[in-house]
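Work out the full structure: start from the sequences and follow the hints.
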Amino acid sequence: MGIIVNSNTRVLIQGITGKQGSFHTKFMLEYGTQILAGVTPGKKGEKVHGVPVFNTVHEAVEAFPEINSSLMFVPAPYVADAVYEAIDSGIKLIVIISERVPIHDSIQFINYAKQKNCLVIGPNCPGIITPPSTKLGIMPNHLFKAGNIGLVSRSGTLTYEIAYKLLKNSLGISTAVGIGGDPIIGTDFIEIYDYFLKDKSTSAVVLVGEIGGDMEERFSDFYNSLKNKKPVVAFVAGRSAPEGKRMGHAGAIISMGMGSAKSKVEKFKEVGIPVADRPDEIPILLKSLLNK
Amino acid sequence: MKLYEYEARDLFDEAKIPLNKWIVAKNYDEAMNNYKLLKFPIVVKAQVLVGGRGKAGGVKIANNEEELKMHVKNILGMNIKGEKVNSVILAEAAQIKKELYISIIVDRNSRSPLILASKEGGVDIEEVAKKDPHKIMKIKIDPFIGVRDYMVRRVESFLSISNINSILKGLYFTFKNYECELVEINPLALTDNDELVAIDAKIVIDDSALFRLNKFKNRISSELSYYENIARKYGFSYVEQEGDIGIIGNGAGLTMTTMDLVQYYGGRPANFLDIGGGADAEIVYNALSILLEQDRIKGIFINILGGITRCDEVAAGIIKAIKNKGVNKNIVVRMIGTNEEMGKKMLKEYNIDVFDEMEVAAKEIVNLVYKN
Numbered sequence: 003m004g005i006i007v008n009s010n011t012r013v014l015i016q017g018i019t020g021k022q023g024s025f026h027t028k029f030m031l032e033y034g035t036q037i038l039a040g041v042t043p044g045k046k047g048e049k050v051h052g053v054p055v056f057n058t059v060h061e062a063v064e065a066f067p068e069i070n071s072s073l074m075f076v077p078a079p080y081v082a083d084a085v086y087e088a089i090d091s092g093i094k095l096i097v098i099i100s101e102r103v104p105i106h107d108s109i110q111f112i113n114y115a116k117q118k119n120c121l122v123i124g125p126n127c128p129g130i131i132t133p134p135s136t137k138l139g140i141m142p143n144h145l146f147k148a149g150n151i152g153l154v155s156r157s158g159t160l161t162y163e164i165a166y167k168l169l170k171n172s173l174g175i176s177t178a179v180g181i182g183g184d185p186i187i188g189t190d191f192i193e194i195y196d197y198f199l200k201d202k203s204t205s206a207v208v209l210v211g212e213i214g215g216d217m218e219e220r221f222s223d224f225y226n227s228l229k230n231k232k233p234v235v236a237f238v239a240g241r242s243a244p245e246g247k248r249m250g251h252a253g254a255i256i257s258m259g260m261g262s263a264k265s266k267v268e269k270f271k272e273v274g275i276p277v278a279d280r281p282d283e284i285p286i287l288l289k290s291l292l293n294k
Numbered sequence: 233m234k235l236y237e238y239e240a241r242d243l244f245d246e247a248k249i250p251l252n253k254w255i256v257a258k259n260y261d262e263a264m265n266n267y268k269l270l271k272f273p274i275v276v277k278a279q280v281l282v283g284g285r286g287k288a289g290g291v292k293i294a295n296n297e298e299e300l301k302m303h304v305k306n307i308l309g310m311n312i313k314g315e316k317v318n319s320v321i322l323a324e325a326a327q328i329k330k331e332l333y334i335s336i337i338v339d340r341n342s343r344s345p346l347i348l349a350s351k352e353g354g355v356d357i358e359e360v361a362k363k364d365p366h367k368i369m370k371i372k373i374d375p376f377i378g379v380r381d382y383m384v385r386r387v388e389s390f391l392s393i394s395n396i397n398s399i400l401k402g403l404y405f406t407f408k409n410y411e412c413e414l415v416e417i418n419p420l421a422l423t424d425n426d427e428l429v430a431i432d433a434k435i436v437i438d439d440s441a442l443f444r445l446n447k448f449k450n451r452i453s454s455e456l457s458y459y460e461n462i463a464r465k466y467g468f469s470y471v472e473q474e475g476d477i478g479i480i481g482n483g484a485g486l487t488m489t490t491m492d493l494v495q496y497y498g499g500r501p502a503n504f505l506d507i508g509g510g511a512d513a514e515i516v517y518n519a520l521s522i523l524l525e526q527d528r529i530k531g532i533f534i535n536i537l538g539g540i541t542r543c544d545e546v547a548a549g550i551i552k553a554i555k556n557k558g559v560n561k562n563i564v565v566r567m568i569g570t571n572e573e574m575g576k577k578m579l580k581e582y583n584i585d586v587f588d589e590m591e592v593a594a595k596e597i598v599n600l601v602y603k604n
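These protein sequences, in sequence, are chains A and B.
Quick note on my numbering: the first sequence kicks off at 3 and runs consecutively.
Quick note on my numbering: the second sequence kicks off at 233 and runs consecutively.
The hints are simulated quantities; they were obtained by calculation from the structure and are not laboratory data.
Incorrect hints may appear among the rest.
[What the hints assert, rightly or not] Subject to a maximum C-alpha distance of 25 Å in a straight line, what follows is the list of computed BS3-like cross-link-like pairs (lysine-lysine):
| id | chain 1 | residue 1 | chain 2 | residue 2 |
| --- | --- | --- | --- | --- |
| 1 | A | Lys247 | B | Lys603 |
| 2 | A | Lys21 | B | Lys362 |
| 3 | A | Lys116 | B | Lys313 |
| 4 | B | Lys271 | B | Lys253 |
| 5 | A | Lys247 | B | Lys408 |
| 6 | B | Lys313 | A | Lys247 |
| 7 | B | Lys363 | A | Lys271 |
| 8 | B | Lys362 | A | Lys264 |
| 9 | B | Lys561 | B | Lys576 |
| 10 | B | Lys372 | A | Lys116 |
| 11 | A | Lys170 | B | Lys576 |
| 12 | B | Lys329 | B | Lys351 |
| 13 | A | Lys264 | B | Lys363 |
| 14 | A | Lys247 | B | Lys465 |
| 15 | B | Lys434 | B | Lys313 |
| 16 | B | Lys287 | A | Lys247 |
| 17 | A | Lys264 | B | Lys595 |
| 18 | A | Lys289 | A | Lys271 |
| 19 | B | Lys370 | B | Lys434 |
| 20 | A | Lys118 | B | Lys362 |
| 21 | B | Lys329 | B | Lys313 |
| 22 | B | Lys580 | A | Lys247 |
| 23 | A | Lys247 | B | Lys351 |
[Said to hold, decoys possible] A short list of chain B residues far from chain A (calculated; beta carbon distances all over 12 Å):
| id | residue |
| --- | --- |
| 24 | Gly309 |
| 25 | Lys316 |
| 26 | Asp339 |
| 27 | Pro365 |
| 28 | Phe376 |
| 29 | Asn562 |
| 30 | Thr570 |
| 31 | Lys576 |
| 32 | Met578 |
We put the CB at the ideal spot given by N, CA and C, even for glycine.
See the structure below:
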């Protein structure tokens with residue numbers, strides 16, 4: 003159960019021999035993720051924590067036709083090519099961890115992926131995890147235990163913080179998705195929430211937004227228009243952020259008078275979504291919604 | 233990265249977008265030597281990156297040489313919202329019948345470039361969008377087909393003009409070629425002769441694409457403060473705020489939330505500083521040093537949730553900074569995750585309080601800084 007990834011997910015790691023790729027491959031294997039192969043051009047024949055490495059995605063998929071997902075640690079300048087390679091090899095889920103991918107590259111490969119019915123998560127994201135045993139990402143394993151809370155977030159470490167708060171309050175996670183901190187990302191709140199609606203193992207959703215853009219506002223309108231919904235608790239990072247400054251994430255910027263935390267918090271409340279002022283309020287709000 | 237108007241005008245010239253005749257001058261003499269290329273009345277425009285220069289007195293019209301001398305002298309060296317004016321543009325004032333607006337932006341929602349055209353120019357487009365949304369037309373550009381003639385015809389019909397083809401195609405050329413987040417002409421002037429002329433130029437380039445934009449990759453970003461430039465060199469992101477409690481966190485979202493919590497408990501965050509994922513002792517040392525150096529900062533709150541970042545590395549960096557820089561400020565650390573026990577033990581030897589919960593730690597730093 004859970005959304006998008008589960009025990010049937012068979013994973014390819016693009017950029018597996020790099021420092022990040024090999025480091026996280028180890029922890030994903032420990033968590034139980036089924037990683038079948040890796041790709042790094044020129045490194046064919048090597049093994050990374052027992053996982054065979056190929057030069058091209060086509061070779062990897064030929065050797066392991068079960069592969070249905072790719073997780074990417076490729077350096078930013080090469081991400082676009084790696085995404086096209088994965089899509090053209092028939093892979094239907096691509097999770098991009100890499101940071102600082104040029105926006106014009108993202109626009110193009112995300113539009114291409116859509117035409118080919120391929121789901122892209124990221125770039126600049128921590129990945130996706132369905133406890134107890136499927137992780138395509140870089141989250142700390144011990145914080146993610148199975149349960150009935152869906153978690154979707156624009157941020158990385160803040161997602162782990164919230165998983166930690168849930169864990170401490172005996173709440174577990176159905177699936178947690180980091181959708182990424184860039185202005186242009188493959189999958190947004192609305193699309194992930196839609197998956198959660200259809201997922202029997204998810205009873206409520208925590209939505210972690212931040213300053214920049216209007217994804218939170220658009221989600222609120224979408225939520226408001228639904229007949230059948232699952233309860234949502236929201237959190238918005240960046241209430242103290244100044245206008246016109248990028249706060250770490252490329253997408254976290256209040257610009258042209260748009261994207262402030264205030265506007266997002268107000269909009270959530272307007273459509274009846276409770277908003278936590280502090281991370282430690284999230285489990286409290288969740289419990290009160292679940293007990294209704 | 234935001235470009236100065238004169239840099240944006242250079243790119244518009246390259247794209248053959250018609251501009252009112254202009255020159256740029258870095259100093260008074262240069263302005264006076266070259267202005268004769270232009271006809272009066274001449275507009276003198278401060279070159280700054282902050283918005284609202286007109287209201288701040290950074291744009292003036294000169295009808296003769298006397299007025300020109302005065303305006304150039306006044307505007308050069310002016311300070312607009314904390315930014316020093318180092319150069320001015322002199323441009324021929326156009327005979328304007330009507331002010332319009334045209335831009336191409338990166339649209340997060342459709343994940344595509346978007347043409348924005350407005351019947352009302354010379355004002356904030358956001359204001360028009362709020363007040364008179366019917367005056368704005370939006371056209372999504374499929375990145376695989378680009379700007380097509382039919383889009384040009386739609387814009388022309390909407391704006392009741394007939395000659396925007398080369399401008400729109402030129403804008404898209406610039407947008408693609410220089411990997412922009414925004415290319416904007418506001419206002420786009422319709423002159424008395426029914427010609428279209430750009431009388432301002434605004435361009436924002438995607439920072440992530442700078443590595444392959446030879447023209448701009450070595451340009452030092454003058455938008456950044458002294459410490460912001462240092463931080464960029466060391467490889468972490470730092471944004472200056474006006475408060476007195478220094479903030480260090482790992483991850484953008486967690487660091488923002490750390491600032492928010494300090495503010496929630498009544499404190500004033502002095503900065504945003506994200507050491508990123510997997511930071512080693514050296515990065516932490518450099519980060520903390522930047523904050524320790526600043527007198528305005530009275531206390532520092534370090535918030536680490538260790539994953540790929542190891543708490544013992546963070547502790548080692550903190551200790552090095554304390555040893556080398558001395559401590560004249562309150563420091564509160566919140567630290568959980570990878571090698572947490574080791575990190576806590578190391579810091580305890582230096583009498584630094586370590587907390588498990590960020591809410592408790594935030595309250596503590598606020599109490600420490602403001603109680604005296």
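Now the hints, each set against the structure:
1. A:Lys247 - B:Lys603: Measuring from Cα to Cα gives roughly 31 Å; hence the hint is violated.
2. A:Lys21 - B:Lys362: violated (48 Å)
3. A:Lys116 - B:Lys313: Roughly 44 Å separates the two Cα atoms, so the pair is violated.
4. B:Lys271 - B:Lys253: Answer holds: Lys271 of chain B to Lys253 of chain B is near 9 Å, not above 25 Å.
5. A:Lys247 - B:Lys408: Roughly 24 Å separates the two Cα atoms, so the pair holds.
6. B:Lys313 - A:Lys247: Judged against 25 Å, a Cα distance of about 15 Å means the pair holds.
7. B:Lys363 - A:Lys271: Between Lys363 of chain B and Lys271 of chain A the Cα gap is close to 24 Å, so the pair holds against 25 Å.
8. B:Lys362 - A:Lys264: holds (17 Å)
9. B:Lys561 - B:Lys576: Roughly 19 Å separates the two Cα atoms, so the pair holds.
10. B:Lys372 - A:Lys116: With a Cα-Cα distance of about 16 Å, the restraint between Lys372 of chain B and Lys116 of chain A holds, given a limit of 25 Å.
11. A:Lys170 - B:Lys576: Answer holds: Lys170 of chain A to Lys576 of chain B is near 20 Å, not above 25 Å.
12. B:Lys329 - B:Lys351: holds (13 Å)
13. A:Lys264 - B:Lys363: holds (20 Å)
14. A:Lys247 - B:Lys465: holds (18 Å)
15. B:Lys434 - B:Lys313: Holds, because 18 Å separates the two Cα atoms, which is no more than 25 Å.
16. B:Lys287 - A:Lys247: Holds, at about 22 Å.
17. A:Lys264 - B:Lys595: holds (22 Å)
18. A:Lys289 - A:Lys271: Answer holds: Lys289 of chain A to Lys271 of chain A is near 18 Å, not above 25 Å.
19. B:Lys370 - B:Lys434: holds (19 Å)
20. A:Lys118 - B:Lys362: violated (37 Å)
21. B:Lys329 - B:Lys313: violated (32 Å)
22. B:Lys580 - A:Lys247: violated (36 Å)
23. A:Lys247 - B:Lys351: violated (30 Å)
24. Gly309: holds (24 Å)
25. Lys316: The claim holds: Lys316 of chain B sits with its nearest Cβ about 18 Å from chain A, beyond 12 Å.
26. Asp339: violated (9 Å)
27. Pro365: holds (14 Å)
28. Phe376: violated (7 Å)
29. Asn562: holds (19 Å)
30. Thr570: Since the minimum Cβ distance to chain A is about 7 Å, Thr570 of chain B lies within 12 Å and the statement is violated.
31. Lys576: holds (16 Å)
32. Met578: Check passes; 20 Å lies beyond 12 Å.
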